[in-house]
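J.: The listed protein sequences derive, respectively, from chains X and L.
Each step along the first sequence adds one to the number in my numbering, with nothing skipped, and position 17 is 17.
Each step along the second sequence adds one to the number in my numbering, with nothing skipped, and position 178 is 1178.
Hints may contain errors.
[What the hints assert, rightly or not] Output of the computed footprint for chain X on chain L, the stretches with three or more beta carbons under 8 angstroms from beta carbons of chain X:
1. 1166–1174
2. 1180–1191
3. 1208–1220
[Stated by the list, open to error] Simulated pairs of lysine-lysine, DSS-like, Cα-Cα distance not exceeding 27 angstroms:
4. K1217/L - K1122/L
5. K1156/L - K124/X
6. K148/X - K42/X
7. K124/X - K1065/L
8. K1110/L - K1065/L
9. K1094/L - K1156/L
Derived from the structure by calculation, the hints contain no laboratory data.
Every residue, glycine too, gets a C-beta built ideally from N, C-alpha and C.
Here's the letter readout for the chains.
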Amino acid sequence: MACALFLLLALASSRFAGADEAGYASWRARGFEIPEPLGGRKGDPARGRAIASDGARGNCLACHRLPLEGLEAQGDLGPPLAGIGARQTVGMLRLHVVDQSRFNPDTVMPGFHRRPERLHRVGKPWRGRPFLTAQQIEDVVAWLATLK
Amino acid sequence: MMRWRFIPLTLLGIALTAGAAGVRSGYEYLLPETRALQDDDFGNPGLAMVDEGRALFQRAGANGKACADCHGTGGERLDVHAIARYPVFDQERKRPITLRERIRLCRSEKQAGPALSYAGRKALALETFVRHLARGQPVAVEIGGPMAAHYEAGRKLFHTRWGQVDIACHQCHDNHAGQHFRGQTLTQGQTNGLPAYRLATGEVAGAHERFRQCMHKLRAEPFAIGSPEFIDLEVYANARGNGLPIETPGVRY
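Construct all of the structure, not just a fragment, from the sequences and the given hints.
T.: Okay, structure coming up:
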């Protein structure tokens, strides 16, 4: 009951304010896509590229080879992201970045925008906040969409 | 309400995934020069901690007795097979006792103190010294009987996604050993080299220190060193590597 109420409130607040003050916007997947931009934000590909290659923010390069020059210490836990924008719809890209466990329940890829209450023992500095804010998700998705 | 429907599926996926087939020491993933450093009986930087532990082993406790008085000057009267079996179930205390905890209990009960802090450098040094005595012995943790519940609790912790990063130990160390995370080669996260010298930090880390470091990377609030959770996790992690030779002090990235 409390949960349902909370969800309603969260949905209501996201509908009106876009995202809460921690940057979380509730989202809804349709199949394997999130068709709507999170919190109605518009993404900026240049900012998205910076987030993806920054070890403290997206840290995508820890696990993926990114099609960018001069990056060191790229990982290979996940597939290379070159050309991903040509292979997938924007809605799919969004769901990959928001919650990869929808595609693979046993994935090693972090859920970058899962409801913070769902996470276990988050450290104090990060508590109550998603890994990436709604705006940052849209920025990364906008950049991925340019990788054609 | 798709969000809710997916929860059981996610949990099921984690619960049904079996552990790694072939058990491999972190040593096997090291660069040749790092292996050579570990194998060098003069150059291995972890040996400084062994020496520190040996000195403490020979120092008298509050009642005038040193560990060495019961176990031999260099620990030669300790049973290396017994060392390889830790953590072991203590019938009297009704809980698993790690090697470090055994050392702390000896200090408090056989040497009349002063007590060793679980997270302190002295306990770590003594553990490193004692485990080094069993180098080459295969890890042999008992997981039946009263240990079964602790093994299971540890297994659960190993399979729980932690922190803002929301990944489980299992995801990295069972599924992706040999692949690269931040340019670093992931291993199975075995504990047979622990306490080990870490090139990245220049410090020696035992099991609980290493668990904390991994949990911190996941932006999680780590459990305390010596906590019941980490003791259960150590039971599971050590048993997961049953059969691997003890390498203490390992050299790791």
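J.: Any of the earlier hints contradicted here, and which numbers?
T.: 7
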